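Asker: One letter stands for each residue in the lines below.
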Amino acid sequence: MQPSLGQILLVDDEPQLVRALTPALGAAGYEVSVAASGQAALEHLAGEGCDAVILDLGLPDMDGKTVIARIREWSEAPIVVLSARDIEQEKIAALDLGADDFVNKPFAVGELLARLRAAMRGRERRFSARARFKAGDLEINFADRRVFLQGDEVRLTPREYDLLRALARYAGRVVTHRQLMAAVWGPSAHMDAQFVRVLVGQVRQKIEEEPSAPRILLTEPGLGYRLVAEDDGG
Amino acid sequence: MRAFPDSRWRQPHQKRADQLRGLWRYGAALAIVAASTLVAEGFYRVFDTTRLSMVFLAGILITAVTLGAWPAYFAAAISFFLYNFYLVEPRFTFQLVSAEDVLVLVVFAAVAFLTGSLTGRIRDQARQSADRAHTTAALFEASRELSAADEEDLIRGRIAQHIAQAARGEALVWDAGRTWCAPIGLKPPPELLEALASAGGGEHLVGPWRIRPLRADGALLGVAAWRGPADQDAAPEDDPLVAVLADLGAAAVMRARLAAARSEIEAMARTEQLRNALLSSISHDLRTPLAAILASASSLKDFGERFSPEVRADLVTTIQEEAVRLNRFVANLLSMTRLESGALDLDRQTFGAAEVIDRVAVRFERPGQPIRRDLTDGGLLASGDPILLEQALGNVVENALRYGPAGAPVTIRAWRDDGAVHIEVEDQGRGVPPADLDRIFEKFYRSPGAATIQGTGLGLSIARGLVEAMDGSIAARARADGEPGLVVGLILTGSTPHAA
Numbered sequence: 341m342q343p344s345l346g347q348i349l350l351v352d353d354e355p356q357l358v359r360a361l362t363p364a365l366g367a368a369g370y371e372v373s374v375a376a377s378g379q380a381a382l383e384h385l386a387g388e389g390c391d392a393v394i395l396d397l398g399l400p401d402m403d404g405k406t407v408i409a410r411i412r413e414w415s416e417a418p419i420v421v422l423s424a425r426d427i428e429q430e431k432i433a434a435l436d437l438g439a440d441d442f443v444n445k446p447f448a449v450g451e452l453l454a455r456l457r458a459a460m461r462g463r464e465r466r467f468s469a470r471a472r473f474k475a476g477d478l479e480i481n482f483a484d485r486r487v488f489l490q491g492d493e494v495r496l497t498p499r500e501y502d503l504l505r506a507l508a509r510y511a512g513r514v515v516t517h518r519q520l521m522a523a524v525w526g527p528s529a530h531m532d533a534q535f536v537r538v539l540v541g542q543v544r545q546k547i548e549e550e551p552s553a554p555r556i557l558l559t560e561p562g563l564g565y566r567l568v569a570e571d572d573g574g
Numbered sequence: 285m286r287a288f289p290d291s292r293w294r295q296p297h298q299k300r301a302d303q304l305r306g307l308w309r310y311g312a313a314l315a316i317v318a319a320s321t322l323v324a325e326g327f328y329r330v331f332d333t334t335r336l337s338m339v340f341l342a343g344i345l346i347t348a349v350t351l352g353a354w355p356a357y358f359a360a361a362i363s364f365f366l367y368n369f370y371l372v373e374p375r376f377t378f379q380l381v382s383a384e385d386v387l388v389l390v391v392f393a394a395v396a397f398l399t400g401s402l403t404g405r406i407r408d409q410a411r412q413s414a415d416r417a418h419t420t421a422a423l424f425e426a427s428r429e430l431s432a433a434d435e436e437d438l439i440r441g442r443i444a445q446h447i448a449q450a451a452r453g454e455a456l457v458w459d460a461g462r463t464w465c466a467p468i469g470l471k472p473p474p475e476l477l478e479a480l481a482s483a484g485g486g487e488h489l490v491g492p493w494r495i496r497p498l499r500a501d502g503a504l505l506g507v508a509a510w511r512g513p514a515d516q517d518a519a520p521e522d523d524p525l526v527a528v529l530a531d532l533g534a535a536a537v538m539r540a541r542l543a544a545a546r547s548e549i550e551a552m553a554r555t556e557q558l559r560n561a562l563l564s565s566i567s568h569d570l571r572t573p574l575a576a577i578l579a580s581a582s583s584l585k586d587f588g589e590r591f592s593p594e595v596r597a598d599l600v601t602t603i604q605e606e607a608v609r610l611n612r613f614v615a616n617l618l619s620m621t622r623l624e625s626g627a628l629d630l631d632r633q634t635f636g637a638a639e640v641i642d643r644v645a646v647r648f649e650r651p652g653q654p655i656r657r658d659l660t661d662g663g664l665l666a667s668g669d670p671i672l673l674e675q676a677l678g679n680v681v682e683n684a685l686r687y688g689p690a691g692a693p694v695t696i697r698a699w700r701d702d703g704a705v706h707i708e709v710e711d712q713g714r715g716v717p718p719a720d721l722d723r724i725f726e727k728f729y730r731s732p733g734a735a736t737i738q739g740t741g742l743g744l745s746i747a748r749g750l751v752e753a754m755d756g757s758i759a760a761r762a763r764a765d766g767e768p769g770l771v772v773g774l775i776l777t778g779s780t781p782h783a784a
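Order-wise, the sequence lines are chains A and B.
Heads up, the first sequence is in my numbering, so the first residue is 341 and it goes up one at a time.
Heads up, the second sequence is in my numbering, so the first residue is 285 and it goes up one at a time.
Simulated from the structure, these hints should not be mistaken for laboratory data.
Please read all numbers here as calculations on a predicted model, not as lab measurements.
Glycine residues also receive a C-beta, built at the ideal position from the N, C-alpha and C atoms.
Hints are supplied without guarantee of correctness; some may be wrong.
Which chain B residues face chain A? A few, computed with CB under 7 Å, are given here [claimed, not checked]: (1) R329; (2) R335; (3) M338; (4) A342; (5) L387; (6) L570; (7) T572; (8) A575; (9) A576; (10) S582; (11) S583; (12) E589; (13) F591.
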């Protein structure tokens with residue numbers, strides 16, 4: 341038996357999905373607890389705690405968004421949201437309330453595990469002072485604000501750099517338009533998502549081989565953007 | 285638009301009657317004077333007095349009060365002549381000699397004038413208020429009737445009738461090539477129809493016909509045309525009433541139109557609501573089994589070798605069960621679509637309901653989840669479509685399983701009564717409030733307190749649709765033994781082996 345990668349709380353009221361997910365999460369190295377309602381999830385979290393939460397937004401007793409808000413009142417545990425809903429607003433609200441990422445139903449377990457890994461890693465790194473970021477050909481040196489592509493330096497404007505740094509900080513996870521605006525223009529900036537789109541376009545021109553078919557800086561339609569996850573061990 | 289002449293409402297053929305009545309009134313005045321003369325003659329014979337001007341004065345007074353000013357003047361003149369000729373000495377001569385004679389003449393004339401004009405004014409006022417009452421009554425009647433009507437065609441027909449009545453002639457309402465005539469069967473002349481088709485501006489005349497567009501809120505809602513009695517030209521004094529009627533009618537048409545638009549919008553909103561409910565149901569009910577299938581299958585693919593055989597079997601079972609569930613949901617969606625579009629294929633035949641019940645029970649039975657069967661006989665021949673019954677009964681049983689506590693038995697009872705086949709499904713769930721027993725068959729109805737239970741609110745509505753398509757019926761009731769739980773009963777037309 342390998343050492344546990346962490347305790348996962350799976351919050352879902354659909355038994356068939358719980359049955360389908362539990363073995364894979366276990367095989368991937370997590371210990372799994374299950375809560376079938378929002379209340380049960382909050383109680384479990386307060387009692388035993390956990391290292392990450394997988395939360396279905398459609399819960400019988402309370403809105404999944406409420407659960408996120410309640411967890412975030414006192415816990416920083418990473419939350420990955422499962423959502424069968426097509427409503428972008430729902431996901432944006434969940435992310436703004438503090439969810440770390442989401443997975444659209446239906447999904448393959450590989451996708452869920454990748455998001456879960458990124459969310460848990462992001463939590464670790466948010467509080468660690470790191471000097472460098474490396475994902476594939478892209479390398480960012482935070483100390484002197486320099487960006488390299490395949491070893492060659494890429495010249496970015498200060499705003500372009502701020503955008504890239506914000507995405508790199510949460511690499512592998514979705515970053516919403518609003519979060520990006522706050523990172524680039526300041527927390528009180530209220531502007532159209534169009535500004536972010538234009539800036540992303542500029543950054544893509546400089547770091548993507550084929551800017552119209554991005555491989556590094558990916559679009560999450562309606563929500564925001566996602567930078568590819570950092571190389572393992574980087 | 286030209287302003288209508290400000291005249292009061294008067295009936296057109298009353299003019300002639302007025303003229304006739306005028307002549308008659310002078311005759312009556314003459315009669316009253318003759319009567320005065322007879323009375324004076326009587327007094328003269330009995331009391332031998334000639335101071336009888338008062339008798340004539342009384343006659344003039346009566347004439348003035350009852351017949352009006354002009355007959356009173358007439359009576360005054362005749363009375364004076366008669367009095368002077370007949371009673372004033374020298375009798376049977378007419379002369380104006382004494383101051384008294386002149387005084388009598390002046391008094392007669394003054395009484396006739398004062399009383400007559402007073403009476404005339406009162407009479408005019410009375411007639412005016414009668415006319416006003418008539419107008420008010422006509423308008424009231426029209427407005428009451430028009431506001432009660434909510435169909436445009438009906439309103440147009442009524443406008444024509446009211447206008448024809450007010451004009452004492454004929455009227456019609458024209459809109460986009462259609463006409464509503466009063467009296468019904470009126471054949472409007474072609475040149476009038478042409479004029480109506482091109483009308484749209486103000487109000488104008490075509491021959492004896494008066495034309496007025498029906499407008500409300502600036503929208504042209506048709507054109508009204510009317511004429512007075514056939515032997516008269518359009519009577520301008522009727523215009524104000526007719527104009528008000530036309531406006532009233534236009535407002536009513538507008539109101540009907542708005543009401544129709546509103547109910548259309550409401551219907552659209554309801555459709556939209558249903559569609560949203562359906563979409564979210566499809567989104568949830570298709571994705572949940574799909575999510576379980578995809579998660580299980582990808583788990584097996586990624587971690588298959590690391591799972592124990594039991595876990596692998598469990599995942600495969602999940603895939604199978606969820607695929608079956610998905611299939612059931614798709615079948616229900618298809619049935620609903622067919623039921624709503626009326627494209628349900630009904631293969632009516634005589635079949636054994638017991639067999640169908642058995643198939644449904646076997647399909648839903650699991651270890652630890654018994655489905656009891658309580659059938660009076662093994663045949664229970666019914667008339668209908670066994671496939672539709674299986675789906676309907678399946679939906680009812682699935683519902684019973686879902687709302688009952690896990691593992692609590694669900695009972696299917698069936699018997700034959702009065703030529704019909706009765707099937708009942710009884711669960712041990714928490715039941716449904718009595719007021720909602722009918723509503724559980726409505727599309728997307730979810731029982732209060734059922735929010736924690738997965739479900740779409742489609743199953744029972746489809747079951748009802750299917751059973752009713754077979755001329756059967758379905759109803760829900762609380763359990764007869766007082767325990768919590770719901771009983772859903774289906775009644776199908778029975779069939780005897782002989783009839784089959």
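Asker: Are the hints correct? Go through all of them and say.
Answerer: We went through each hint and held it up to the structure:
Against a cut-off of 7 Å between C-beta atoms, the interface hint on R329/B is violated, since the closest Cβ of chain A lies about 114 Å away. Interface restraint check: R335/B against chain A, minimum CB-CB distance 110 Å, threshold 7 Å, status violated. For M338/B, the interface hint is violated, since its Cβ never comes within 7 Å of a Cβ in chain A; the closest pair sits about 102 Å apart. Of the supplied interface hints, the one on A342/B is violated, with its beta-carbon coming no nearer than about 97 Å to a beta-carbon of chain A, more than 7 Å.
Annotation: L387/B was flagged as interfacial toward chain A, and the flag is violated, the nearest CB pair being 104 Å apart, outside 7 Å. For L570/B, the interface hint is violated, since its Cβ never comes within 7 Å of a Cβ in chain A; the closest pair sits about 9 Å apart. Given the 7 Å rule on beta carbons, the hint for T572/B holds: about 6 Å separates it from the nearest Cβ of chain A. Contact between A575/B and chain A, as hinted, is supported at the beta carbon level, the nearest pair being about 4 Å apart and thus within 7 Å.
A cut of 7 Å between beta carbons decides the hint on A576/B: the least distance to chain A is about 4 Å, and the hint holds. For S582/B, the interface hint holds, since its Cβ comes within 7 Å of a Cβ in chain A; the closest pair sits about 4 Å apart. Hint on S583/B holds. Least Cβ distance to chain A is approximately 4 Å, under the 7 Å limit. About 10 Å separates the beta-carbon of E589/B from the nearest beta-carbon of chain A, more than 7 Å, and the hint is not met.
At a threshold of 7 Å, the smallest CB-CB gap from F591/B to chain A is about 6 Å, leaving the interface hint in force.
Of the hints listed earlier, those the structure fails to meet are numbers 1, 2, 3, 4, 5, 6 and 12, in rising order.
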